[in-house]
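There are 2 protein chains.
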Amino acid sequence: MFLNKIIFVLLPIIFLMLSYSESYALIEKNILQLSINSTPVELYEPIKYVLSLGGKRIRPCLALMAHSIFSEDNTDILFPALGLEVFHNFTLLHDDIMDNALKRRNHDTVHVKWNDNVAILSGDAMMIIAYKLISKTNKSLLPLILSIFNKTALEVCEGQQYDMNFEKQHVASVKEYLDMIRLKTAVLIASSLAIGAVTGMASEEDVEKMYLFGQNIGTGFQLQDDYLDVYGEQEKFGKNIGSDILSNKKTFLLISALNAKDRILVEELKQWLARKNYEPEEKINAVTNIYSKMKIDTITKKTAQDYFSKGLEFFSQVSIPNANKNKLRSFVEKMMMREY
Amino acid sequence: MFLNKIIFVLLPIIFLMLSYSESYALIEKNILQLSINSTPVELYEPIKYVLSLGGKRIRPCLALMAHSIFSEDNTDILFPALGLEVFHNFTLLHDDIMDNALKRRNHDTVHVKWNDNVAILSGDAMMIIAYKLISKTNKSLLPLILSIFNKTALEVCEGQQYDMNFEKQHVASVKEYLDMIRLKTAVLIASSLAIGAVTGMASEEDVEKMYLFGQNIGTGFQLQDDYLDVYGEQEKFGKNIGSDILSNKKTFLLISALNAKDRILVEELKQWLARKNYEPEEKINAVTNIYSKMKIDTITKKTAQDYFSKGLEFFSQVSIPNANKNKLRSFVEKMMMREY
Chain E
698 MFLNKIIFVL
708 LPIIFLMLSY
718 SESYALIEKN
728 ILQLSINSTP
738 VELYEPIKYV
748 LSLGGKRIRP
758 CLALMAHSIF
768 SEDNTDILFP
778 ALGLEVFHNF
788 TLLHDDIMDN
798 ALKRRNHDTV
808 HVKWNDNVAI
818 LSGDAMMIIA
828 YKLISKTNKS
838 LLPLILSIFN
848 KTALEVCEGQ
858 QYDMNFEKQH
868 VASVKEYLDM
878 IRLKTAVLIA
888 SSLAIGAVTG
898 MASEEDVEKM
908 YLFGQNIGTG
918 FQLQDDYLDV
928 YGEQEKFGKN
938 IGSDILSNKK
948 TFLLISALNA
958 KDRILVEELK
968 QWLARKNYEP
978 EEKINAVTNI
988 YSKMKIDTIT
998 KKTAQDYFSK
1008 GLEFFSQVSI
1018 PNANKNKLRS
1028 FVEKMMMREY
Chain R
698 MFLNKIIFVL
708 LPIIFLMLSY
718 SESYALIEKN
728 ILQLSINSTP
738 VELYEPIKYV
748 LSLGGKRIRP
758 CLALMAHSIF
768 SEDNTDILFP
778 ALGLEVFHNF
788 TLLHDDIMDN
798 ALKRRNHDTV
808 HVKWNDNVAI
818 LSGDAMMIIA
828 YKLISKTNKS
838 LLPLILSIFN
848 KTALEVCEGQ
858 QYDMNFEKQH
868 VASVKEYLDM
878 IRLKTAVLIA
888 SSLAIGAVTG
898 MASEEDVEKM
908 YLFGQNIGTG
918 FQLQDDYLDV
928 YGEQEKFGKN
938 IGSDILSNKK
948 TFLLISALNA
958 KDRILVEELK
968 QWLARKNYEP
978 EEKINAVTNI
988 YSKMKIDTIT
998 KKTAQDYFSK
1008 GLEFFSQVSI
1018 PNANKNKLRS
1028 FVEKMMMREY
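The listed protein sequences correspond, in order, to chains E and R.
698 is the number of the first residue of the first sequence in my numbering; add one for each residue after it.
698 is the number of the first residue of the second sequence in my numbering; add one for each residue after it.
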């Protein structure tokens, strides 16, 4: 009897923390069952298409995992988590029009498969669906959840605008770049963790810590992405190595290199940026070489690592037992180590 | 003392109903003061531009007026009303890209003045700002307000998609057209009135009646617009008379005419639709003539009038004293009579 009681108390606190794979399964199962089967089909087909293309579902999984370390009942977080994923996919859909991207997750982008108008309007509808899902939660928490989400959603737009400005700008500082990726990428990761904490009934202070945890690891993930696009292994990374170099994309690596002290190497880099005729392999090798001589690889890895450490420090300050944090922490650590 | 008390009781109930011009002044004053002064300017300038172009502010004024017949304190409706106007302007902004419209309220559209990317992203930000404003209300009412707004916002997207489908479709029925304008135009009018009723603490039944009032007059307004584009007086209407005829736009008039029984006139109409070379005046006169012979003018006016009557009937069922309804009713009646 006594033993039973202990088990009863411990079970929800320790054993019900969700792992990434459990969260992922929950999201995959539910996202394809969203009742997006309405008419007109021209509006809803592209949405189903986009949501069926998969991806790692990082944001909703983080929301579920964050919630599960504070509370064992998923009811209040499942729909907001799905909403965060729908919102993220909406931003990709509209970004792909603006960037004129042809492929997304190895499939044709919506504006290619259909056309720009379909992509604009389906994206708009996706944002509304995201809000619908986010609103399906504990009514008393809705004002707080919405205020976090509204602020974040607007920041993501600001980040995308800064990103587009960047591509036209001649000079950009590392600080400006870091602030851009904070807005474009990190705040949605941060919000996912914060909203999970809110629905888990975490204290205001813990919600704030979870947000800062997310903002830091989110920035770290983007720096890691920039790094892997140059130094990743082709098969593991899944994208073409060097694509950022070929498109002169202003990543952390390129901006750091352009701001480096070695004038000769900077000049050499600028020549490659200006050059119109080259073999792709030739340019990738040459620019990678310049980066390596400038130790940009080490700098990038170190900067990402600093963000990860800072993020984990905030996580460690969250006022729940360490044992509850294991699954979420180990997922984040695994992400930090990824080479793809 | 006794007299004071009576005045104190009567004032909020009868004298504080807002008129259209009072509501309009309130909206104009506040919409330009929205703190949309943030960076990046590329994102926020187009939003300020769009909101400064004016317009009748019908939706927010209806929300304010609806609220004021139930409650004297505007606090809970002012921001949602502004949100409804921002949302409406967001839909115009994105529709203008999709329709490739060059002018809006006699000014260059955003995608012309800037470019498509700016128009897409600023529109996205506007939708989020709309949600932010709509969320600034009585917390206990937020779930209901959001559920009305989310449903409506998605329906507006559906309406826009049906509208685009229509332009490609060869045959369309009057019923399909009426359902399209219900979604594209009427439901947002309906929601504005319903949300005003909700923040005014109206009963569920009265909220529903206000919604149906709005849905019917909203449909009537669109039919009237279609009518005035052909039969309006140039100076009063403010748009070019006959523009729908020149662009073969599938309006209530054209669809009714194509579905008319007089085969000879229908054939004549179809020839005009197919014709490539003509003087604008010639085509406008010829098609208007066909419409008039078919009595499409009378049919359109009658159909609009039926919607108006039905709407006013729902309004009359709202369980508040008739005196409270005067200002809103007289505004709607004035709109019904407008010739511009």
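Derived from the structure by calculation, the hints contain no laboratory data.
Keep in mind the model is a prediction, meaning the values are calculated, not measured.
Incorrect hints may appear among the rest.
The list treats identical chains as interchangeable, and a pair is accepted whether it falls inside one copy or across any two copies.
Stated by the list, open to error - In silico DSBU-like links for lysine-lysine, alpha-carbon gap of 35 Å or less: (1) Lys848 - Lys745; (2) Lys833 - Lys990; (3) Lys810 - Lys848; (4) Lys990 - Lys1024; (5) Lys872 - Lys745; (6) Lys1031 - Lys848; (7) Lys1007 - Lys1031; (8) Lys836 - Lys967; (9) Lys946 - Lys958.
Hints and how they fare:
When the C-alpha separation of Lys848 and Lys745 is checked against a cutoff of 35 Å, the pair qualifies both within a copy, at 27 Å, and between copies, at 19 Å. In this assembly of identical chains, the alpha carbons of Lys833 and Lys990 never lie at most 35 Å apart, being 53 Å within a copy and 54 Å across copies at closest. Both within a single protomer and between protomers do Lys810 and Lys848 lie at most 35 Å apart by alpha-carbon distance, with minima of 32 Å and 28 Å respectively. Proximity of Lys990 and Lys1024 under a CA criterion of 35 Å is satisfied in neither setting, with 39 Å inside one chain copy and 76 Å between copies.
Only between protomers do Lys872 and Lys745 lie at most 35 Å apart by alpha-carbon distance; the minimum there is 28 Å, versus 38 Å within a single protomer. For the identical chains of this complex, Lys1031 and Lys848 are intra-copy neighbours only, at 29 Å inside a copy versus 40 Å across copies, given an alpha-carbon limit of 35 Å. In this assembly of identical chains, the alpha carbons of Lys1007 and Lys1031 lie at most 35 Å apart only when taken from the same copy (16 Å versus 63 Å across copies). Taking the shortest alpha-carbon separations for Lys836 and Lys967, neither the intra-copy value of 55 Å nor the inter-copy value of 55 Å comes in at or below 35 Å.
Proximity of Lys946 to Lys958 under the C-alpha cut-off of 35 Å is restricted to the intra-copy arrangement: shortest distance 21 Å within a copy versus 62 Å between copies.
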